[in-house]
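Asks: For reference, the chains in residue letters:
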Amino acid sequence: MLEAGIAEICPPTESIQREIQAFRFIYERIEDDRNFIPVYIKKPQRFNHKSDAEKCSGFGISLYNSEERAIKKYSSLINVVQNIGKTIGTHLAEGKILKDFGVTTPIDGEGHFDLHESDTCNLHNKFTVVRKIA
Amino acid sequence: MENLSNIAFVSTHFPYPDLNKVSDLIYYEGPILSHFVDKKGKNLLYLWVDNDSSRNRWLIFEIDKSSLINYLHKGISLRDLVLKNRSDFLLLADINESLGIEFSNLIKKENLPEIYLPKEGSYFEFSIPQIYANSLEDEYLHSLLSDSINLKIENKTQKYLSAVKVDNLLTVLRNVKLSFTSFISINFRKDFTSEDFLSLNFETLISTVVKDSELLIPNLEYGSFCASFTTDYLMSKEISPKIQQWRKDTFLRFKSEVIEADLDINALQPLLNKYDDFDRKAIYSPILEISKDSNDYKISITDKTFKKIKRTLKPISKPIQDKLIPKIKSIDIEKKESLFQIIGIGEKVNEQPKISKKNILESKELDYAELTQSTNTIFYHENELYLKEQFDFKIVYDRGNYVIDYTPFEIHLENVSFESVKNELYKSIIDLYKRLTKVNEKELSLKEIKLKNELLDIVSIPNIKY
Numbered sequence: 040m041l042e043a044g045i046a047e048i049c050p051p052t053e054s055i056q057r058e059i060q061a062f063r064f065i066y067e068r069i070e071d072d073r074n075f076i077p078v079y080i081k082k083p084q085r086f087n088h089k090s091d092a093e094k095c096s097g098f099g100i101s102l103y104n105s106e107e108r109a110i111k112k113y114s115s116l117i118n119v120v121q122n123i124g125k126t127i128g129t130h131l132a133e134g135k136i137l138k139d140f141g142v143t144t145p146i147d148g149e150g151h152f153d154l155h156e157s158d159t160c161n162l163h164n165k166f167t168v169v170r171k172i173a
Numbered sequence: 162m163e164n165l166s167n168i169a170f171v172s173t174h175f176p177y178p179d180l181n182k183v184s185d186l187i188y189y190e191g192p193i194l195s196h197f198v199d200k201k202g203k204n205l206l207y208l209w210v211d212n213d214s215s216r217n218r219w220l221i222f223e224i225d226k227s228s229l230i231n232y233l234h235k236g237i238s239l240r241d242l243v244l245k246n247r248s249d250f251l252l253l254a255d256i257n258e259s260l261g262i263e264f265s266n267l268i269k270k271e272n273l274p275e276i277y278l279p280k281e282g283s284y285f286e287f288s289i290p291q292i293y294a295n296s297l298e299d300e301y302l303h304s305l306l307s308d309s310i311n312l313k314i315e316n317k318t319q320k321y322l323s324a325v326k327v328d329n330l331l332t333v334l335r336n337v338k339l340s341f342t343s344f345i346s347i348n349f350r351k352d353f354t355s356e357d358f359l360s361l362n363f364e365t366l367i368s369t370v371v372k373d374s375e376l377l378i379p380n381l382e383y384g385s386f387c388a389s390f391t392t393d394y395l396m397s398k399e400i401s402p403k404i405q406q407w408r409k410d411t412f413l414r415f416k417s418e419v420i421e422a423d424l425d426i427n428a429l430q431p432l433l434n435k436y437d438d439f440d441r442k443a444i445y446s447p448i449l450e451i452s453k454d455s456n457d458y459k460i461s462i463t464d465k466t467f468k469k470i471k472r473t474l475k476p477i478s479k480p481i482q483d484k485l486i487p488k489i490k491s492i493d494i495e496k497k498e499s500l501f502q503i504i505g506i507g508e509k510v511n512e513q514p515k516i517s518k519k520n521i522l523e524s525k526e527l528d529y530a531e532l533t534q535s536t537n538t539i540f541y542h543e544n545e546l547y548l549k550e551q552f553d554f555k556i557v558y559d560r561g562n563y564v565i566d567y568t569p570f571e572i573h574l575e576n577v578s579f580e581s582v583k584n585e586l587y588k589s590i591i592d593l594y595k596r597l598t599k600v601n602e603k604e605l606s607l608k609e610i611k612l613k614n615e616l617l618d619i620v621s622i623p624n625i626k627y
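From first to last, the protein sequence lines stand for chains A and B. Quick note on numbering: the first sequence equals residues 40 to 173 in this note's numbering. Quick note on numbering: the second sequence equals residues 162 to 627 in this note's numbering.
Just so you know, the hints here were simulated from the structure itself, not pulled from any lab data. Honestly, I wouldn't trust all of these hints.
Here are a few chain A residues that face chain B, going by a calculated C-beta distance under 10 Å [stated by the list, open to error]: (1) 64; (2) 77; (3) 85; (4) 111; (5) 116; (6) 117; (7) 118; (8) 123; (9) 125.
Taking lysine-lysine pairs in the DSSO-like style, the calculated list, with each CA pair at most 30 Å apart, reads [unchecked claim]: (10) A:111 - A:82; (11) B:280 - A:81; (12) B:338 - A:125; (13) B:599 - B:351; (14) B:549 - B:488; (15) B:226 - A:111; (16) B:453 - B:326; (17) B:280 - A:171; (18) B:453 - B:416; (19) B:488 - B:435; (20) A:125 - B:468; (21) A:94 - B:200; (22) B:317 - B:435; (23) B:611 - B:555; (24) B:608 - A:171; (25) B:245 - A:111; (26) B:280 - A:111; (27) B:226 - B:280; (28) B:226 - A:89; (29) B:555 - B:442; (30) B:442 - A:111; (31) A:82 - B:182; (32) A:171 - A:111; (33) A:89 - B:203; (34) B:326 - A:81; (35) B:182 - A:94; (36) A:82 - A:125; (37) B:555 - B:603; (38) B:488 - B:201; (39) A:89 - B:201; (40) B:317 - B:280.
Cβ coordinates follow ideal geometry from the N, Cα and C atoms, glycine included.
Based on the sequences and whatever the hints tell you, model everything.
Replies: Printed below as a string of structure tokens:
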């Protein structure tokens, strides 16, 4: 259940249902519980001083629209923190997002977007591991 | 998490209480790198480095504002911010899920586990948070002005009230620049040798350093004419951090040894020991020229606001001047070259003018000219590059100095001789070709690979002795 302030703006009004090939950083085993949990649910304390819009983004699942863009992002993060795999995953997974999975935010300049899942969505069996990236 | 027991000291207290977060600099599903400030205005960076099931470990270190700006503008890597930090000891703090600090460990920079260090080339590849957009500009200008040379140029007579003649202004600006450029290249040769930069061509490196050390004017005031001069050592991506520090130190040395120097007999001897006659002439004569009594303008050194005059540039006494810049005998130096424009009556032979001496109507010595030169072959000693197409480049002549600025290959050359500056260009291109084609492509940066491809595109037959 979303907090009152967040519920009013979440998912963002510009979000739409769409079919799109998507890529996500995950841990090695696709069944790993940490793989498809929104970060706000996993680590709510990280959002203590964040705006409602940022909290809303924390309820989304981070995805990229191409393998190349996902790897580019991962490379820039691992350059800064060699242990980044411990917190965001060590592998890249690919899956097709269908309209009934929920709504997606607009794709930004880095190819990133959030999926705000519908109640029935289960991404574990929709994604497969592409490669190790850490 | 990494075991720190043998490499760090547990701190009894957390040394940075009451911090305010300025912004997350890198964020991905949580902060990765964050900027904090304490009550005294001290800036700190928190870099996430590790975790276990209940704690996150952060590397915490102090940083000055100009280094932060430099990092956000890709001038320095995060790895260098950590390893070249002023403090010998940095902090590793373990923070639990309730954001309480469980352990603070002081660790020597050199003992940091390699896995906690950002990688080589960890330049900032993210969006600069909006909160810095304006303050960074202010900080940058502030840092440019903090050590600037501030000069006020005024007419000696009241003929045009406070308005300064453009010619006088140009002379002052040009001479300060000439002196500074000489100071940089002469001192670079004194302070470094090619041994210090084995993977780089030394001459090309000097050109790059001179080019990066361009004089800037971050502040101006009109009425009379007041200008602050400085050089940037934050924005340009340095070949090496030691060059960055050297450029900063050298600008300050130029300020104290040349512009603000009181050239009495005591100050003279160290200069005579340090620089030969040619070097002293290159550095000091442009400044002596704009300090002459006979000029119809005067120059004062002021504070940053141009309100307080520290002193006026005065000519130095004749005996000191004769020692500082002795007349260089003609046997020691090639005859000084000048550029002339000749107007005469003649005929065209093979599309080229042919004018006999008696038909020259006017010959005028030029102060400034831009000359376009072309060649189909670049050669230096036994090396030749035959080109696919004609290669055009521009030589700018400016009062005795020939300048080539060939941006595609980042070559900047200055010389008092036309032939020498041309030879230097050919030598630089051949050295560049040799270096880029000799080294395995894996060892080249993306920029160097691009440069190599551009070179290979224009060369038809190389005849190079490696």
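Asks: Each of the hints needs a verdict: does it hold here or not?
Replies: Results for each hint:
no.: 1; hint: 64; result: holds, 9 Å
no.: 2; hint: 77; result: holds, 9 Å
no.: 3; hint: 85; result: holds, 5 Å
no.: 4; hint: 111; result: holds, 9 Å
no.: 5; hint: 116; result: holds, 6 Å
no.: 6; hint: 117; result: holds, 7 Å
no.: 7; hint: 118; result: holds, 4 Å
no.: 8; hint: 123; result: holds, 7 Å
no.: 9; hint: 125; result: holds, 6 Å
no.: 10; hint: A:111 - A:82; result: holds, 25 Å
no.: 11; hint: B:280 - A:81; result: holds, 28 Å
no.: 12; hint: B:338 - A:125; result: violated, 53 Å
no.: 13; hint: B:599 - B:351; result: holds, 29 Å
no.: 14; hint: B:549 - B:488; result: violated, 47 Å
no.: 15; hint: B:226 - A:111; result: holds, 29 Å
no.: 16; hint: B:453 - B:326; result: holds, 16 Å
no.: 17; hint: B:280 - A:171; result: holds, 19 Å
no.: 18; hint: B:453 - B:416; result: holds, 19 Å
no.: 19; hint: B:488 - B:435; result: holds, 18 Å
no.: 20; hint: A:125 - B:468; result: violated, 58 Å
no.: 21; hint: A:94 - B:200; result: holds, 28 Å
no.: 22; hint: B:317 - B:435; result: violated, 35 Å
no.: 23; hint: B:611 - B:555; result: holds, 22 Å
no.: 24; hint: B:608 - A:171; result: holds, 28 Å
no.: 25; hint: B:245 - A:111; result: holds, 27 Å
no.: 26; hint: B:280 - A:111; result: holds, 15 Å
no.: 27; hint: B:226 - B:280; result: holds, 22 Å
no.: 28; hint: B:226 - A:89; result: holds, 24 Å
no.: 29; hint: B:555 - B:442; result: holds, 27 Å
no.: 30; hint: B:442 - A:111; result: violated, 53 Å
no.: 31; hint: A:82 - B:182; result: holds, 19 Å
no.: 32; hint: A:171 - A:111; result: holds, 14 Å
no.: 33; hint: A:89 - B:203; result: holds, 23 Å
no.: 34; hint: B:326 - A:81; result: violated, 70 Å
no.: 35; hint: B:182 - A:94; result: holds, 17 Å
no.: 36; hint: A:82 - A:125; result: holds, 14 Å
no.: 37; hint: B:555 - B:603; result: violated, 33 Å
no.: 38; hint: B:488 - B:201; result: violated, 56 Å
no.: 39; hint: A:89 - B:201; result: holds, 25 Å
no.: 40; hint: B:317 - B:280; result: violated, 58 Å
Hint check: violations occur at hints 12, 14, 20, 22, 30, 34, 37, 38, 40; the rest are consistent with the structure.
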